[in-house]
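Start from chain A and add chain B according to the hints.
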Amino acid sequence: EAQVTQNPRYLITVTGKKLTVTCSQNMNHEYMSWYRQDPGLGLRQIYYSMNVEVTDKGDVPEGYKVSRKEKRNFPLILESPSPNQTSLYFCASSFLLRGNSPLHFGNGTRLTVT
Amino acid sequence: DAKTTQPNSMESNEEEPVHLPCNHSTISGTDYIHWYRQLPSQGPEYVIHGLTSNVNNRMASLAIAEDRKSSTLILHRATLRDAAVYYCILEGNTPLVFGKGTRLSVIA
Chain A
60 EAQVTQNPRY LITVTGKKLT VTCSQNMNHE YMSWYRQDPG LGLRQIYYSM NVEVTDKGDV
120 PEGYKVSRKE KRNFPLILES PSPNQTSLYF CASSFLLRGN SPLHFGNGTR LTVT
Chain B
650 DAKTTQPNSM ESNEEEPVHL PCNHSTISGT DYIHWYRQLP SQGPEYVIHG LTSNVNNRMA
710 SLAIAEDRKS STLILHRATL RDAAVYYCIL EGNTPLVFGK GTRLSVIA
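Protein sequences appear in the order of chains A and B. Here this note's numbering is used: the first residue of the first sequence is 60, the next is one more, and so on. Here this note's numbering is used: the first residue of the second sequence is 650, the next is one more, and so on.
Among these hints, one or two may not hold up.
Some, not all, of what chain A presents toward chain B, calculated at C-beta under 8 Å [claimed, not checked]:
no. : residue
1   : T64
2   : R68
3   : L155
4   : G165
Restricting the straight-line Cα-Cα distance to at most 35 Å, the calculated cross-link-like pairs of lysine-lysine (DSBU-like) are [to be verified]:
no. : chain 1 : residue 1 : chain 2 : residue 2
5   : B       : K749      : A       : K124
6   : B       : K718      : A       : K76
7   : A       : K116      : B       : K749
FYI, nobody ran anything at the bench for these hints, they're computed from the structure. For each residue, glycine too, the CB sits at the ideal point set by N, CA and C.
In isolation and in its complexed conformation, chain A is listed as follows (with noise of 0.2 Å):
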């Protein structure tokens, strides 16, 4: 089946403790990124991945970090997490076809930072 998949679905840290959000996909999509979600704020990017080895900032970067070295994941890391950074996040996926690629996005991490 193809999808989106994220690990893990919830977690809940301290302040300051490093961790890495997996994300990995079956489809062979070039595109990658990650988004967090919070109350009152929609759905805000965080990274995007236009391929293996090519990342790029989206609108709130601060605070993290993002890797792909291979085509099927784009794991988002937290160098060292604040309470600022509990939310929920999705990663999603897509091929590069412009207007005829849609979006897949995973189930989401919801990320507690105490």
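Same frame as chain A, now just chain B:
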């Protein structure tokens, strides 16, 4: 980047058609119009997209104004499972930017 404007919320009765409007007055000639929806506790899912002509698929219809400055997502018969946040997004040369969308409530 071209932006979209949607009502914050709308309400519909079950089994009735729903017309969700979106204004995009600064759309450029090559921007695609996409619609996604987000059901409670799930990630967004693709609904439909178009460029100039009206589009139909199994989920919905997309009506695009002749000047392309607005569009309407049409759900032909709303069901309780259609209750979600609907996002209208323009795809230009930059990644898709999601706004706050329209929260659709469906009343039984």
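Comparing the hints with the structure gives:
no. : hint             : in the structure
1   : T64              : violated, 11 Å
2   : R68              : violated, 11 Å
3   : L155             : violated, 11 Å
4   : G165             : holds, 6 Å
5   : K749/B to K124/A : holds, 25 Å
6   : K718/B to K76/A  : violated, 47 Å
7   : K116/A to K749/B : holds, 20 Å
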